[in-house]
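Quick note: to get the numbering used here, add 1139 to the position in the sequence shown (first position is 1).
Treat the hints with care, since some could be wrong.
Said to hold, decoys possible - Distance condition first, Cα-Cα at most 27 Å in a straight line; then the derived DSS-like pairs of lysine-lysine: (1) K1317 to K1340; (2) K1366 to K1205; (3) K1340 to K1205; (4) K1246 to K1332; (5) K1332 to K1405; (6) K1317 to K1400; (7) K1405 to K1284; (8) K1329 to K1317; (9) K1168 to K1181.
Simulated from the structure, these hints should not be mistaken for lab results.
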Amino acid sequence: MLFTGLAHLERPFHSFHSEILRWYDYWLKGINTEIMDEPPVKMWVMGANAWYEADDWPVPETRWAKYYLQSWERLREEPFLPSSREGIEQPDAFVQMPPSQTRQIQKLRYLTDPLPEDLVIAGPGALYLYASIDQPDTNWIIILKDVGPDESIRTAREGETLLRTDLPERELVRGWLKASHRAIDPKRSKPWKPWHPFTRKAARPVVPGEINEYAIEILSTANLGKKGHRICLEITCTDIPTGSAGLTNVEYIPYHVCSSKTVLHKIYHNEKYPSYLLLPVIPRENLK
1140 MLFTGLAHLE RPFHSFHSEI LRWYDYWLKG INTEIMDEPP VKMWVMGANA
1190 WYEADDWPVP ETRWAKYYLQ SWERLREEPF LPSSREGIEQ PDAFVQMPPS
1240 QTRQIQKLRY LTDPLPEDLV IAGPGALYLY ASIDQPDTNW IIILKDVGPD
1290 ESIRTAREGE TLLRTDLPER ELVRGWLKAS HRAIDPKRSK PWKPWHPFTR
1340 KAARPVVPGE INEYAIEILS TANLGKKGHR ICLEITCTDI PTGSAGLTNV
1390 EYIPYHVCSS KTVLHKIYHN EKYPSYLLLP VIPRENLK
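Start from the sequences, fold in the hints, and give me the full structure.
Shown next as structure tokens:
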């Protein structure tokens, strides 16, 4: 398996002609090219900016880390504290108007504390989200980012939750789910890969105001997060970068258009509704 992440390799894949030919020679012509003696997985790791190999995918040494969504845009490995305030945390919310009314894309974002050491994320992920909406349907679009270090100096009054908005950031990967297609097949699902039937029979409109759990698959990525950086999770419902211009610009094909109605989205994160992000963390020493 060759994994390149977000990259679109140059056609006709001239960089891998010799590798491709060795594979075809082995399987179609019976020539012993020794291609099967090499590790079966080759991945490009962003941040390290180099190719690395593995014996399987997900990587066998993977530690599946849970990052819980919390108030004040926090994303932490520690579950909710047994205090009265944390136990009744109010939901976060955003309202998205349709592209016929606005060019603005609304979203929520959650960040970890600065990484105490380098962190390697390699493999598929998932977001288990407890949420409600006030319409029968919406899109859930998940964006995972690597946010650069914040070296600014803040006073105690400004606190740890007041983060700069101009920090360098790099998108790693995305995940998508139509709310009405939230049904999963437990027999085919894995914690890091919720399996949705995506059929008309399985589709179920959302009851407005009802809190549902959405198991959202996040595509595979491979990234070295440097010490001092942060993991950032963004939640939105549309990914038309130019807003309503996407409907009229013939050179641009919109990806996922939001609902034609204004939708209120509420994200819950407490002991009863523990929304969390599941990420594949592998040992730093694997990148050698």
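Hints and how they fare:
1. K1317 to K1340: At roughly 14 Å apart (the allowed maximum being 27 Å), K1340 and K1317 satisfy the hint.
2. K1366 to K1205: Holds, at roughly 19 Å.
3. K1340 to K1205: violated, 32 Å
4. K1246 to K1332: The hint holds at about 24 Å.
5. K1332 to K1405: Between K1332 and K1405 the Cα gap is close to 24 Å, so the pair holds against 27 Å.
6. K1317 to K1400: Holds - the C-alpha atoms of K1400 and K1317 are around 15 Å apart, at most 27 Å.
7. K1405 to K1284: holds, 22 Å
8. K1329 to K1317: holds, 19 Å
9. K1168 to K1181: holds, 24 Å
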